[in-house]
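S.K.: Sequence:
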Amino acid sequence: MKKTISYTMISLLLVTSLAACGSNNESANTNANAATDTANADTTNNAAATNDATTNNAAASNDGGDTKELSGKVVFLTNRTDMVDKEYNDYEKRFEAKYPGVDLQFEAITDYEKNEKIRIASGTYPDVVLLGGLIPNSDYPKYFAPLDDIKFSGDIYFKDFKSFEGKSYGISSGNSTVGIVYNKKAFEKAGVTAVPKTYDEFLAACQKLKDAGIVPLASNFKDKWPLGAWSGDVPTIIGGAADHQNKRKDTDTPFTMDNVYGKSWSIVRELKEKGFLEKDVNSTNWEQSKKDVAQGNFAMYLLGNWVINQVIDAGAPAEDVGFFPFPADNSGQAKAPLNPDWFYGVNKDGNVEAAKAFVQWMIEESGYDEFAGFIPTLKDKQPKLAQLAEFNTYSPAYFEAVAGDDVATQILNKAQIDQDAVLQEFVLSKNPQAVLDKVNAEWAKAKKQIVK
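For the sequence shown, this note's numbering begins at 20 and goes up steadily by one.
No lab work stands behind these hints: they were computed from the structure. Fair warning: there could be bad hints in the mix.
Unchecked claim - List of simulated lysine-lysine pairs, DSBU-like, C-alpha gap at most 30 Å:
1. 203 to 241
2. 268 to 464
3. 117 to 367
4. 203 to 186
5. 216 to 227
All chains should be built: construct the whole structure from the sequences, respecting the hints.
M.R.: In structure tokens:
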């Protein structure tokens with residue numbers, strides 16, 4: 020079969036970006052050989068757990084019980100441009116070996132959520148896409164097929180996260196928590212002998228690292244999307260609850276100095292003012308930062324566990340990379356979010372049954388969760404990442420993400436508030452309160468139009 024991979028970079032008007040729970044890595048590099056070995060092992064181990072609806076060469080039809088042979092083309096629109104001509108080639112071969120009548124193709128694009136939203140609205144989206152936070156759950160039936168009839172081998176995380184009126188329209192591709200990914204050798208060089216458990220201890224560790232000539236924290240400020248953790252996850256840690264984004268619909272002033280957003284963004288501002296971030300935050304580079312953390316030039320990331328394999332792939336020995344909960348306060352109690360990553364959605368007008376088979380295969384057989392360093396979507400499948408085991412030795416209280424509230428999402432979209440861009444402005448402004456006043460005014464105006 021002739022295979023095609025298309026690369027799309029489109030100049031678009033800026034579309035508001037909702038700070039999604041979890042990672043939003045548009046480009047990443049990981050260990051292809053290890054992933055292939057793991058994936059092949061998973062294929063063997065999970066062979067008995069395949070979906071009754073998608074047994075070898077067949078899938079259950081919607082009328083119940085009858086089977087039909089899967090055939091035709093299935094295109095997956097992906098954000099993982101780094102996997103093109105690498106892992107995706109392996110996925111294609113293995114999936115088509117199981118379903119020989121299906122022609123599996125991958126289309127990789129950048130600026131995924133912005134571009135995808137435009138394509139969905141115009142009806143030019145393929146069979147399988149990734150669902151983020153910009154589309155209200157109530158709109159899913161317009162575009163996507165229900166996925167409740169996929170019979171996974173066990174219970175899955177966030178099954179109802181992308182649901183509407185009792186039907187599920189999205190399956191999490193993997194899950195993560197957010198904390199401090201750190202280079203142990205950098206800590207050792209700076210004389211940081213213990214993982215900080217309070218915010219004051221964290222600042223003290225940063226000072227030691229700075230004094231040793233090591234950049235304490237890679238913010239990737241210019242790239243912007245890595246700042247999403249400061250808009251979505253650190254507020255969860257500070258407030259001890261994951262529903263803060265939904266609660267904003269009940270107020271005209273969701274961004275204040277003394278609430279979870281102001282406190283979180285003030286931490287970033289303090290770290291910059293103390294010289295604990297990159298020397299020039301306006302010229303940071305995501306790909307280079309992974310090499311810098313791997314080499315110990317930078318000591319830490321505040322990101323999800325998904326970045327760990329990428330740091331290792333950038334040259335760090337696995338045993339030199341650690342992971343601990345971010346101490347956002349001085350309570351000494353470790354806290355962390357539990358977030359879904361992107362969700363698989365199936366175009367209701369596409370090759371639905373073959374697309375569902377692909378979604379199930381990605382969850383149960385591909386090995387993608389281990390490749391990406393995820394907490395698996397299947398609840399009874401243990402993560403293999405050693406750093407997650409280290410993270411859990413600190414006994415963090417986990418706060419599981421909640422589904423987005425449609426009204427809150429509609430207000431955010433109507434106001435066209437890019438939270439990460441607001442954070443950038445807040446950190447760099449001489450008057451951060453004025454930044455909050457401006458964005459609150461935009462929110463209140465949009466809320467008035469949405470909430471009647």
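S.K.: Take the hints in turn and mark each one as holding or not.
M.R.: Comparing the hints with the structure gives:
1. 203 to 241: Holds, because 26 Å separates the two Cα atoms, which is no more than 30 Å.
2. 268 to 464: holds, 12 Å
3. 117 to 367: Distance of about 23 Å is within 30 Å: holds.
4. 203 to 186: Distance ~45 Å between residue 203 and residue 186 Cα, so the pair is violated.
5. 216 to 227: Holds, because 16 Å separates the two Cα atoms, which is no more than 30 Å.
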